[in-house]
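Enquirer: Each chain, written out:
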Amino acid sequence: MCKASIRFLFGNNIMDGSILKIENITKHFGGVYAVNNCTLEVKEGTITGLIGPNGAGKTTLFNVITGFYKPDSGRVFFKGEDITGFDPHIIFGKKIFRTFQIAREYREMSVLENLLLIPKNQSGERLWNAWFRGKRIRSQENVNIKRALDILKFFELDSKKDIPAKYLSGGEKKLLEIGRMMMVDLEMVLLDEPGAGVPPLLQNKIMDYIRKLSREHGLTLFIVEHDMDIIMKICDTIIVMSDGTKLAQGTPKEIRNNEAVIEAYLGKQNTIDEIK
Amino acid sequence: MNILKVKRLTAGYGAQDVIFDVSVHIDLGEIISVIGPNGAGKSTLLKVLAGIIKPKSGDILFKGTSVLGKSPQYMTSRGLSWVPQEDNIFPSLTVLENLEVGAYLLKEDLSGRIDEVCQIFPQLKERMKQTAGSLSGGQRQMLAVARGLMMHPDLLLLDEPTSGLAPTLVHMMLEKIEEIALRLGNAVLLVTQTLDAVRLSNRGYLISAGAIKYEDTTEALLTNREVRDLYFGG
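Chains L and U supply the protein sequences, listed in that same order.
Take any residue in the first sequence, note its place counting from 1, add 1, and you have its number in my numbering.
Take any residue in the second sequence, note its place counting from 1, add 580, and you have its number in my numbering.
It is worth saying that the hints were derived from the structure and are not from the lab.
Just so it is clear, CB atoms sit at the ideal spot from N, CA and C, and this is done for glycine as well.
It is possible that part of the hints are untrue.
Chain U stretches covered by chain L per the calculated footprint, using a threshold of three residues with CB under 8 angstroms from any CB of chain L [what the hints assert, rightly or not]:
(1) 599-612
(2) 706-715
(3) 738-749
(4) 800-812
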């Protein structure tokens, strides 16, 4: 059977274990090519780091994958399905979740409510159920509330559960973003700088949790982060972007010693050990 | 000489106090770090110093005179620049306009000053006509700090200045902060979660639940077992 037939019958991921494939994606804003003919893939069940200089196109690529931007050209495949240009809520329905570099909380809603609205297709969303299936709605809400409270406790935000999210500090808003991903069962999570603005002790706690999600539940994680301690510790594979396209890919050890990466990202004079 | 002396400051939002009885001081030529858990009151302290929030009690002496309740514009004109953690650029203005806004109190020609800050962040020079909203997260952070430098501040308040920056730029930023304090003799108050930035400072304060829990030299702070257990871990 030829490759094209296999792809037609089983989808792209069957052939090589990748859950996400980016093929020749280009996205420009005016004359600036934020992502330029970028091709890369993420293997299922792995933690993959995405690093690169500021303005390399990392967040733009996340926005293209999760439907916030439509690419000018190229394709995005998730589990073999072409999801290019799908709206964000459709992508979320495929169990892909992302967090933002600059936290985007629902400002007027309480911290607890910010978590409770994440699960999709809740019984209470339907008018009919609100009249005739009150018990089911309450039971589902109780499960969600318990889960949300456990998450807030994990992030040490439980004492602030009832205040509007706009009153959280910058770092706390980041934690709330990450907390949202814990409200639902997911296939893939894209985290945009989860460590920024978070104290070191809590960073370690979050990273331990992420590792656990990957190892025990097979969740695939794709993480943009500038903190090399985090990236080198938890990633199986690291992809380096520069000028809108993939510069290198490898294990943390390979990336640490890659001359082109040191020049483009880490600085000629510095090794990672010297930086941290 | 103390450029800033904060005495027993209590402040918050509405009826909710966030910082309690906080006292800090900074000398010219010093870099001071403020560390602590999320929500401890670090950013609130900077907002009070910048004149954004009026304190409930306490006093703030800047260059020897009380500036309690003074407006942000007054504080800027006296030589204090504040670079917030969030909402720190004007997204609909161009990079150049953002820099000009940062120096709106200066009457002189700004081109030389703009060239100076662009030497620190060359990426900004290439994007002068681009709207700030179209910059990447790291580029926005560069612009925010560059704007804070436009007024030649005597005291620079930086809230997480290295957040979102690539390692090379973190180093450049830290070098610049060091230069502001050591070479130019100005003072920098730094809120940070980055260990390298803490190491750069002369002294540090650990804030927890709105109150100063520890104040010490950076070396002593970093080797304090309780601080390590509570904050850094391991």
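Enquirer: Against this structure, judge whether each hint is valid.
Expert: Taking the hints in turn, this is what the structure says about them:
1. Counting residues of the stretch 599-612 of chain U whose CB falls under 8 angstroms from any CB of chain L gives 0; the rule of at least 3 is not met.
2. By the rule of at least three residues with a Cβ nearer than 8 angstroms to a Cβ of chain L, the coverage given for the stretch 706-715 of chain U holds, with 3 such residues.
3. Given a C-beta distance limit of less than 8 angstroms, the hint that chain L covers the stretch 738-749 of chain U holds, as 9 residues qualify and 3 suffice.
4. For a cut-off of 8 angstroms, the count of residues in the stretch 800-812 of chain U with a CB near a CB of chain L stands at 3, and the three-residue condition holds.
Violated hint for the displayed structure: number 1, the only one.
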